[in-house]
Every structure is written in C-alpha cells, then in structure tokens.
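These protein sequence lines map, in sequence, to chains D and W.
In this note's numbering, each number is its position in the first sequence, counted from 1, plus 4.
In this note's numbering, each number is its position in the second sequence, counted from 1, plus 2.
Hints in this document: simulated from the structure, not taken from any laboratory.
Where a beta carbon is used, it is the ideal one built from N, C-alpha and C, also for glycine.
Careful, some of the hints might be misleading.
[To be verified] Pulled from the structure, derived: some chain W residues nowhere near chain D, Cβ distances all over 12 Å:
id: 1; residue: 13
id: 2; residue: 14
id: 3; residue: 19
id: 4; residue: 47
id: 5; residue: 54
id: 6; residue: 56
id: 7; residue: 62
id: 8; residue: 69
id: 9; residue: 70
id: 10; residue: 84
id: 11; residue: 111
id: 12; residue: 112
[Stated by the list, open to error] In the BS3-like style, the derived pairs of lysine-lysine whose C-alpha atoms are separated by at most 27 Å in a straight line are:
id: 13; chain 1: W; residue 1: 61; chain 2: D; residue 2: 61
id: 14; chain 1: W; residue 1: 44; chain 2: D; residue 2: 17
id: 15; chain 1: W; residue 1: 94; chain 2: W; residue 2: 70
id: 16; chain 1: W; residue 1: 59; chain 2: D; residue 2: 61
id: 17; chain 1: W; residue 1: 44; chain 2: W; residue 2: 65
id: 18; chain 1: W; residue 1: 94; chain 2: W; residue 2: 65
id: 19; chain 1: W; residue 1: 61; chain 2: W; residue 2: 71
id: 20; chain 1: W; residue 1: 71; chain 2: W; residue 2: 59
id: 21; chain 1: W; residue 1: 44; chain 2: W; residue 2: 70
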Amino acid sequence: KAGVTQTPRYLIKTRGQQVTLSCSPISGHRSVSWYQQTPGQGLQFLFEYFSETQRNKGNFPGRFSGRQFSNSRSEMNVSTLELGDSALYLCASSARLATDTQYFGPGTRLTVL
Amino acid sequence: EDQVTQSPEALRLQEGESSSLNCSYTVSGLRGLFWYRQDPGKGPEFLFTLYSAGEEKEKERLKATLTKKESFLHITAPKPEDSATYLCAVAKAAGNKLTFGGGTRVLVKP
Numbered sequence: 005k006a007g008v009t010q011t012p013r014y015l016i017k018t019r020g021q022q023v024t025l026s027c028s029p030i031s032g033h034r035s036v037s038w039y040q041q042t043p044g045q046g047l048q049f050l051f052e053y054f055s056e057t058q059r060n061k062g063n064f065p066g067r068f069s070g071r072q073f074s075n076s077r078s079e080m081n082v083s084t085l086e087l088g089d090s091a092l093y094l095c096a097s098s099a100r101l102a103t104d105t106q107y108f109g110p111g112t113r114l115t116v117l
Numbered sequence: 003e004d005q006v007t008q009s010p011e012a013l014r015l016q017e018g019e020s021s022s023l024n025c026s027y028t029v030s031g032l033r034g035l036f037w038y039r040q041d042p043g044k045g046p047e048f049l050f051t052l053y054s055a056g057e058e059k060e061k062e063r064l065k066a067t068l069t070k071k072e073s074f075l076h077i078t079a080p081k082p083e084d085s086a087t088y089l090c091a092v093a094k095a096a097g098n099k100l101t102f103g104g105g106t107r108v109l110v111k112p
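Just chain D, with the same shape it has in the complex (with noise of 0.2 Å):
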C-alpha cells in the first residue's frame, strides 16, 4: 500500500508570498492532520480534517489555512509568509480518527527568504 506523500519537497519562497503544499493519504485513509516542525519548537499542530472538514485547530495565525478534498487529499495554504515560517510541514494520514496511529508523509521543506 502506497504511503503518505506530499508534494513539493522543496520550495523557496520570499517574505510576502503565499504558499500551498499538498498532501495525498494513505488509501482509505479519512483523517488528514498537518505539523510544521521547527528546530525550536519541535512538531505542532496546525489542522486536522475529516470528510472535507476541520475537525480541529493549532494556535496557529490565521494566515495558516487547509482544505480536504472529497478524496480525501488536502491542502494547507500559507499566505503572507513570514521568515519564522521556515519550517519542514508534514501531513499524517489516519484510518478515521485523528487519534487512531497517524502516518506521516515525507514532509514539504519551506525555506522563506
């Protein structure tokens, strides 16, 4: 069974840009939570969704937003980036709940300039 997978890898952006990573789960998977992860901070949570709806929140500003896709993909959106969002994103992928074993996917390194 393929794995979670995120795409891009990699990006470069500069200060005020806006930014969209994608994260496609585990087949069958409903539940898709998203983490950015910081030398600092460690892993925190963003957003988690559920049949096309967030289910729960990080404290995150609201400059951090996400959608899921009736197939269950989901995107996280980044507007107005700022340099502390520098940071690896990872998306998890998990059967129905959120608190059901969560699988992660690669991750997505922003760099912001």
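Given the coordinates of chain D, work out where chain W should sit on it, guided by the hints.
What follows is chain W alone, placed relative to chain D:
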C-alpha cells in the same frame, strides 16, 4: 493541558550499549501513546502504539512499555543504524490530535 516530556534530550551510545528513553505524559483519559523514529530531513516513521498500562511491544532491538504516567523505549544492543530522533506522542480519548514531546536524539557510535 496535555503535556509530553521526553528525556534525555540527547543520548550518545556505543554500539551494543543498551539504554532506555523516557516519555512522561500528563493527559486526561489516555487513548493511546505513540512512538516514532525520525531521521534528519524525513517524516516520522511509526514504531509502536500502546493503549493501556502494562502493555509492551517489541520490534527488533526496540521495546516499548507503558505505565499510567510514562513510557519507556528500550534499545537493546543498538547498532549505528539506530541513530535517529525518537518521538513520543499522546492522544486523549476525547481529542482530535496528537501531542508530541520534544524528542530524544540518539547517536550510536561504532
């Protein structure tokens, strides 16, 4: 608020030198505790899920145990390829997310 604390932050081992990593947690109504391994620049790789105190799971040189307040990841006779950051996360029964600890960076020298 849910809290997960991992110790030590870093661990240097000689090949074959067994050791344990600790994950202390505070959560109301634990649904599950998860261990992951993460290599630099990659996504976390799932290792174990533990659901109740007293539960143990093993995979190759790794063994995870769970009590009501903490979990241990025992590494027996580690090899250099066991070098990675090990992450612990908890989920509570009424929650919709995992809460991660800061991780333990393990370096196994030959």
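Hints, one by one, checked against the model:
Non-interface call for residue 13 of chain W relative to chain D: holds, since the shortest CB-CB distance, roughly 17 Å, exceeds 12 Å. Interface exclusion of residue 14 of chain W from chain D stands, the closest Cβ pair being 19 Å apart, more than 12 Å. Residue-level check passed: residue 19 of chain W sits 26 Å from the nearest beta carbon of chain D, beyond 12 Å. A Cβ of chain D approaches the Cβ of residue 47 of chain W within 12 Å, the least distance being about 7 Å, so the stated non-interface status is violated.
Under the 12 Å C-beta cut-off, the non-interface status given to residue 54 of chain W relative to chain D holds; the minimum distance is some 14 Å. Taking the minimum C-beta to C-beta distance to chain D, about 20 Å, the non-interface status of residue 56 of chain W holds against the 12 Å cut. Remark: the non-interface label on residue 62 of chain W is consistent with the geometry, its nearest Cβ contact in chain D lying 18 Å away (cut-off 12 Å). Listed as a non-interface residue, residue 69 of chain W keeps its Cβ farther than 12 Å from every Cβ of chain D; the least gap is roughly 20 Å.
Taking the minimum C-beta to C-beta distance to chain D, about 18 Å, the non-interface status of residue 70 of chain W holds against the 12 Å cut. No beta-carbon of chain D is positioned within 12 Å of the beta-carbon of residue 84 of chain W; the least distance is around 19 Å. Here residue 111 of chain W stays apart from chain D, with its beta-carbon at least about 23 Å from theirs, past the 12 Å limit. The claim that residue 112 of chain W is not at the interface with chain D holds, since no C-beta of that chain comes within 12 Å of its own (minimum 26 Å).
For the proposed pair residue 61 of chain W and residue 61 of chain D, the alpha carbon gap of about 33 Å is over 27 Å, so the pair is violated. Taking the CA atoms of residue 44 of chain W and residue 17 of chain D, the gap is near 20 Å; set against the 27 Å cutoff, the hint holds. With a C-alpha separation of about 13 Å, the suggested pairing of residue 94 of chain W with residue 70 of chain W holds against the 27 Å cut-off. Between residue 59 of chain W and residue 61 of chain D the CA atoms are separated by roughly 31 Å; this puts the pair beyond 27 Å, and the hint is violated.
For the given pair, residue 44 of chain W sits about 23 Å from residue 65 of chain W by alpha-carbon distance, which is consistent with the 27 Å threshold. Among the hinted pairs, residue 94 of chain W with residue 65 of chain W is consistent with the structure: their alpha-carbon atoms are about 22 Å apart, no more than 27 Å. Distance hint between residue 61 of chain W and residue 71 of chain W is fulfilled; the C-alpha atoms sit about 23 Å from each other, no more than 27 Å. For the proposed pair residue 71 of chain W and residue 59 of chain W, the alpha carbon gap of about 17 Å is at most 27 Å, so the pair holds.
A threshold of 27 Å between alpha carbons decides the hint, and for residue 44 of chain W with residue 70 of chain W the separation of about 31 Å lies outside it, so the pair is violated.
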